[in-house]
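Q: If you want the building blocks of each chain, they are given just below.
Protein chains: 4
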Amino acid sequence: MIIVMDIKSSKPQVDLVIEKLETSGFQAHLILGVKRIVIGAVGDRAAIYSLGLEGMPGVIGVVPIMHPYKLVSKEAAGGTSIVKVGDTEIGGSKVVLIAGPCAVESETQIYQAAEAVKKQGAKILRGGTFKPRTSPYSFQGMEEEGLKIMQAAAKEYGLATVTEVVDLPSLDTALEYVDMVQIGARNMQNFRLLQAVGKAKRPVLLKRGLSATIEEWLMAAEYIASEGNASVILCERGIRTFETATRNTLDISAIPLVKSLSHLPVLVDPSHATGIRALVAPMSLAAVAAGADGLLIEVHPEPAKALCDGPQSLSPDEFEKLVQELIPIVAAVKKTL
Amino acid sequence: MIIVMDIKSSKPQVDLVIEKLETSGFQAHLILGVKRIVIGAVGDRAAIYSLGLEGMPGVIGVVPIMHPYKLVSKEAAGGTSIVKVGDTEIGGSKVVLIAGPCAVESETQIYQAAEAVKKQGAKILRGGTFKPRTSPYSFQGMEEEGLKIMQAAAKEYGLATVTEVVDLPSLDTALEYVDMVQIGARNMQNFRLLQAVGKAKRPVLLKRGLSATIEEWLMAAEYIASEGNASVILCERGIRTFETATRNTLDISAIPLVKSLSHLPVLVDPSHATGIRALVAPMSLAAVAAGADGLLIEVHPEPAKALCDGPQSLSPDEFEKLVQELIPIVAAVKKTL
Amino acid sequence: MIIVMDIKSSKPQVDLVIEKLETSGFQAHLILGVKRIVIGAVGDRAAIYSLGLEGMPGVIGVVPIMHPYKLVSKEAAGGTSIVKVGDTEIGGSKVVLIAGPCAVESETQIYQAAEAVKKQGAKILRGGTFKPRTSPYSFQGMEEEGLKIMQAAAKEYGLATVTEVVDLPSLDTALEYVDMVQIGARNMQNFRLLQAVGKAKRPVLLKRGLSATIEEWLMAAEYIASEGNASVILCERGIRTFETATRNTLDISAIPLVKSLSHLPVLVDPSHATGIRALVAPMSLAAVAAGADGLLIEVHPEPAKALCDGPQSLSPDEFEKLVQELIPIVAAVKKTL
Amino acid sequence: MIIVMDIKSSKPQVDLVIEKLETSGFQAHLILGVKRIVIGAVGDRAAIYSLGLEGMPGVIGVVPIMHPYKLVSKEAAGGTSIVKVGDTEIGGSKVVLIAGPCAVESETQIYQAAEAVKKQGAKILRGGTFKPRTSPYSFQGMEEEGLKIMQAAAKEYGLATVTEVVDLPSLDTALEYVDMVQIGARNMQNFRLLQAVGKAKRPVLLKRGLSATIEEWLMAAEYIASEGNASVILCERGIRTFETATRNTLDISAIPLVKSLSHLPVLVDPSHATGIRALVAPMSLAAVAAGADGLLIEVHPEPAKALCDGPQSLSPDEFEKLVQELIPIVAAVKKTL
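Chains as they are written, first to last, in the working numbering: chain A, 1 to 337; chain B, 1001 to 1337; chain C, 2001 to 2337; chain D, 3001 to 3337.
I should point out that these hints are in silico values taken from the structure, not numbers from a laboratory. One should not assume that every hint holds.
Claimed, not checked - Among chain A residues calculated to face chain D with C-beta under 7 Å, some are: (1) 243; (2) 251; (3) 252; (4) 253; (5) 256; (6) 279; (7) 285; (8) 289; (9) 332.
Beta carbons: idealized from backbone N, C-alpha and C, even for Gly.
Just chain A, same shape as in the assembly (with noise of 0.2 Å):
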C-alpha cells in the first residue's frame, strides 16, 4: 500500500500518517520526493480499511498494491479449481455446457428444453423461476411450480440443475429443488444474497454485474467464499458500454484475465451478452479458445414463442449447429466436451 502525501504537509501530518500505519501493525517506509512525500506500508491490505488513511490532512490518495481479495486470489489455491455440480465436474480438461430456456414456462416446453440440450451433450439445465424483469410488467417467472417441473424434466433426462435467486425467499426455495443457485448480474453486488448463499454450501454461479470491474467482481466471490462455501463458478455476460449494437459487450479478456488472478472456473454466457442470436455461436467458439470452462446458453424449443429473451435464443436445431461448430474447437484447445 502506497500512501501519497501533498510535498506542503506539516512534519507532524506525516507523522500521524506514520504513527497510524505503525500502531495497526504497518511497517512504513518514507520517501521524499520532489513534489509528493510517499509512504510504502508493508502488511495485510484488509486491514488498512479500517484505518481511514483517505480522510486524514495532508493525504491525497492510497495507492493500493495488492489486490483486496484473499480467499478467491490464484495464490489461495496454489493453483485451479473444480467445482462439482452433481456429478458434473467444472474447471477442469471438460468444456461444460449448461443450456435451456430464460424461463421455464410449462412443463412441455421445459421437457421440450431438456431433451433438445441433453441431446447435443449439455449437462446442466438453465431455466429461470425468479425473474428480476426491468419492467414491474413483464412476466416475473413461474416460481416454485417452475421449479418442480424443471426439476422433474432434469431428473428425466438425467440432467443437474441451476436457476436464479433473487432474494432470501426465493433462495430458501430453490435450495429444495436445484444443484446450483445462479446470482445474477443485478444482484452481484446484493451483499446479503452474497452472504446468505455463502452460508448455504450449494455451488453457486456468480455472473459478472452489468458494470462490475474485474476486482469488484472477485470481491463479490469473496463475500461468498469468507462465509465459507468456496464453490462458486464466475461467469462473464457481458459489461455496460457505449455500444449500442449489441446489449452488452462481451468481455472475452476478463476469462484469461481471471483465471491469472483467481482458482475459480469461468463459464461465458453469450446469449445475455450479445443479445442477438446470430453471435452467440461464434462468440462460444471466441469464448472457449479464450479458455472458458464452459458456456450458458440460451436454448427455447421455440424461440418465436418464448416469454423473454426469444431475440437471443437458440432453437435445438441451431443448437446442435452450435455444438458441431464448438467440437473442433474444444480439441483446439486440448479439452473435451
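Fit chains B, C and D to the known structure of chain A by using the hints.
A: Below, chains B, C and D without anything else, positioned relative to chain A:
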C-alpha cells in the same frame, strides 16, 4: 411501437406479426419501405412486452416510441409531485438539505453530526446503519443499535431521518425507526426490495444505479409505485464512466431531463458522485442551479476519523461554508432553503 | 513514481531496475513487501517514459504519483491564467458568452445570428466553416467563403470570432480570418494539428475528446503549450457514456477539478453535450454555478431550418431567456457577464 | 425513417413535416397513435440528413430504420470482399498475420523483427514511424528514416509493409515506402485524413476509434470508399470502457457483427487492446475463432528495451508459441494460415 422487418420477409411472416398485434388489441399500420418493412403499432406499450415479437421470423427489431413507465411519468400526475418526509415537503419551492455521516458510528458522533447539520438548516438526518460494502472485511454498520441512537439524535434536534435498507429484514427494522428508507445504487434493480418498499407506505429515496439508464431508473421507481407507494424521491449520485479522476461522473443533466419526464422530485448526492471533498460544494451549487429539489451531503464531525467515506465527508465548518455559498444560488433560481 | 515488482523477482532483476533508474538520474527507494517488491523513484516523471520499465522482467506495473503535464499545471503558473481573445479576457471575473450557429450557412443567417447574440451580451461569435461530419454525405461547411462573411458580420457587430479547424490547410485559412481557432472533440488527439496550433500563436479553444480522460485532455493542452502557445482555453462538451437519453453526458465536475489541476480557463458547451434544446439553459446555469469561465452556445436565427444541430440550437428569443436566467447565477458566484 | 411527433402538435405542424418529406422525394405515412404522432418516411436515408427535421416544431425525434452507410454495406458487394496487400489476400480463406514492433527504432531492431515474424509465417511487417503519443515528451518515431529501413528489411525477408499515417505530409511520405497505410484509433474521425487516403488508391487499415460505435466506424470506412478507394480493412483494437484491468476492452463480438453488416475484411489487434503480454495469445485465438480475417501483433526482438509498448510486445519465442497455439484453431474454423 414500430416493428421493423426484413424486406425479404414472406407475406405469411408479415401477416403473422400483424395478426398477433391485432388480436392483442393493437392497430397495425403497414409501411412497405425500399429496404425494410415497417409496422406501426398503436396501443399500450406495456402490453407489447408479452407478445415476444422480437423473436418472430423476419423481425429485425422493435423500436419503442413511448416510454415504458406510466405511474411515474409526467403525464400521470399532470405536473410535479411533492413528497412529505416528516414535516418536510420535497419537490416544492424549497431546496431541502439532507445531511449526516456515511455511517452511524457512535452516539457521540451522530449527536454531533445532528447538531451540526441542524444548525445549517438541514431538515433530514442521514446515516448508514446497514452498509453495503465492496469488501466483506470492511465495517458493515451498527444496524439496529445505530438506528436507535440516530432516532434519538434526530429527535433531540428536530430532524427527520433516512437510512439505507439492503434486504427485507433490514427494511422491517428500519421501518420502526426512520421517516424515509433509501434504496442504494447497488440495489436499484433489486426488484424484490423495490416491491417490498412499494408495499411499505413510507417515503423512499431511490438512488440511481451506477450504470442505470434514466429509463431503467424510472422503471425502478415504477416498481415501487406499482405496489401502491407513490412517495418516491429520485436521487442522482453519479454514473460509472471511463473517467477515473472522480469516483463517478455526476450526471447533472439528468436533473432537468428527469423532471421533464416524471413528476417525482429529484435530489443530488454530490458526495458519493465525486468522492472528493473539494468538489462537493461546486457540484452542490451546480445541482441546485440545474433544478434539483435538494441535496444529500455527507457531513462528519471529524472526517479524518470516519470509518467510511472520509475523503468526501465535509466537516461542520466546511458544511457551513457550503450552505453560505448555496444561499445566493437558491435565491437565483427563485427558491428558498 | 512507484515501480511494483513480483515478490518472486530475482535479485538481478531488481538490481537491473534500480540501476536503470539511478543511471537515469532518479533516486530509487527499495521496499520489500510481503507479497510485492516496491521501488519508489524520485525524479522527473516525464523522463521515466523513455526507460521502458514496464517491459522489464519482474515488473508488474508502474504507478504514477505525479501528473504527467507541466506547462499547463496549476503549479506552473502559480495561479490562474487569463487568455485574451480580441479585447475579451477569459478566465477572470467575467463569465464570457460565445454564441452563434453550428455552421455558417449564408450571409443573412450569420448577420442575423451576430446581431442576436451581440444584443444579449455575447462577446465572441462562433460559426463552423470546416465541419467534421460523421457522414460523408452531410453538409461539410462553407470553408473560406463562410469565414469571410462571418468576419464581416462580427466586425459589423463588434464581436471577436472563433471557428473550428480540422487540418493544416484549414488552419492556415482560418488564421487569416478569426481571433481564436477551435480544436474539436474528434481532433483532440490529432497531435500534428495540436503542434501546428501550438506554433500559430493564436488563442486555441481545445474541446475535450468524447472519451478523453481529464489527464489526456490536459496532455493535449500540454502539446500546444510545449510548442510555445500558452493561450489555451479548455472546453468541456460532454463525454461518451452508456446513457443514450442525452447525446453525451456533460461532466460538470470536470470544471472545478480541472481548475484545481491547471491554470487554464475552462468553458462549457451545453449545446453539443446534451443535443437537446430544453437542457441547454439548465446546464448553462449549472456550469456557471460550478465555476465555468464562460459558455459556448449554439444560436440560430431559425433553428427549424438549420443545416446542422437544429435540435439543440436556441432561437434568439430562447437565448435571451437563457441570459435572463443566467444573470442572477453569475451574480451569485460573484462574477459579472 | 420514422419521425416521432408530440400528440399535441398542431395540424399545420404535422402538415409541414409531411410537406417537407414529400417535396424531398419521400413517401410519408401518417400514423396517429394514442400518445404520439408517427410519420413513416420511405426513401433514401442519406437524403434525410439535409432536411433538418429534428429541429422542426412538434418533432420529438427521428428514428433511423436503415443503416447510414452504403458503399461498405454487405448489400453493396453482395458478399465478402478480398483486399490485396502486396501479394497477400485478406478476407478470404487464409488467416493473415501482420506483425512487428510498435515503433521502428533501429536497423538492427527492424531486421531482427522482420526475420522473426517471417519465420512464423507473417505476411506483412508492421512498424510505427510516425507515432501519435499521448505525451509530447515521448518518443515520436523515426519518420522517413524509419520507413527506409523498414522497407529494406521487408524486402530482405519478402514481406509487405504497413505503417500508420497521422496527417497529409506523413501520408505523402508513407506512400513512397509502404504497401498499406494505417489510420490509427485516434484519427478514425479525422475526416480530412480519411478523404486523403480515400484518394490515395492504396489499401487502408482502418482501426476502430477508442469510443467509436460500430456505425461510426463503418461511416469512417464509407468516407474512404466514397472517395473511390474500396480497399479498406477494418481492425478492432479495443474500446474504452470503465474496466481498468485491461488497457481497453477488446470487442470480439464486433467481428461477426461487422461481417454481417459489411463486406470488408476484419482484423484484430490484441496487443493494443489488452496492453498485457499474457493476454495476447488467448485473445488471438478468440479472435480467429470468432471469424477474424487476420491478426495485428506487436513483436519486438527485445521487449524489455522497447521504446514503446514494451509490456504488450511479444518476444520472437513468445510469437512462435502463439502461432503454434493458433494453428489448430485456424484449422477448426476451416481456414489456413
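Q: Quick check: which numbered hints come out false for this structure?
A: none
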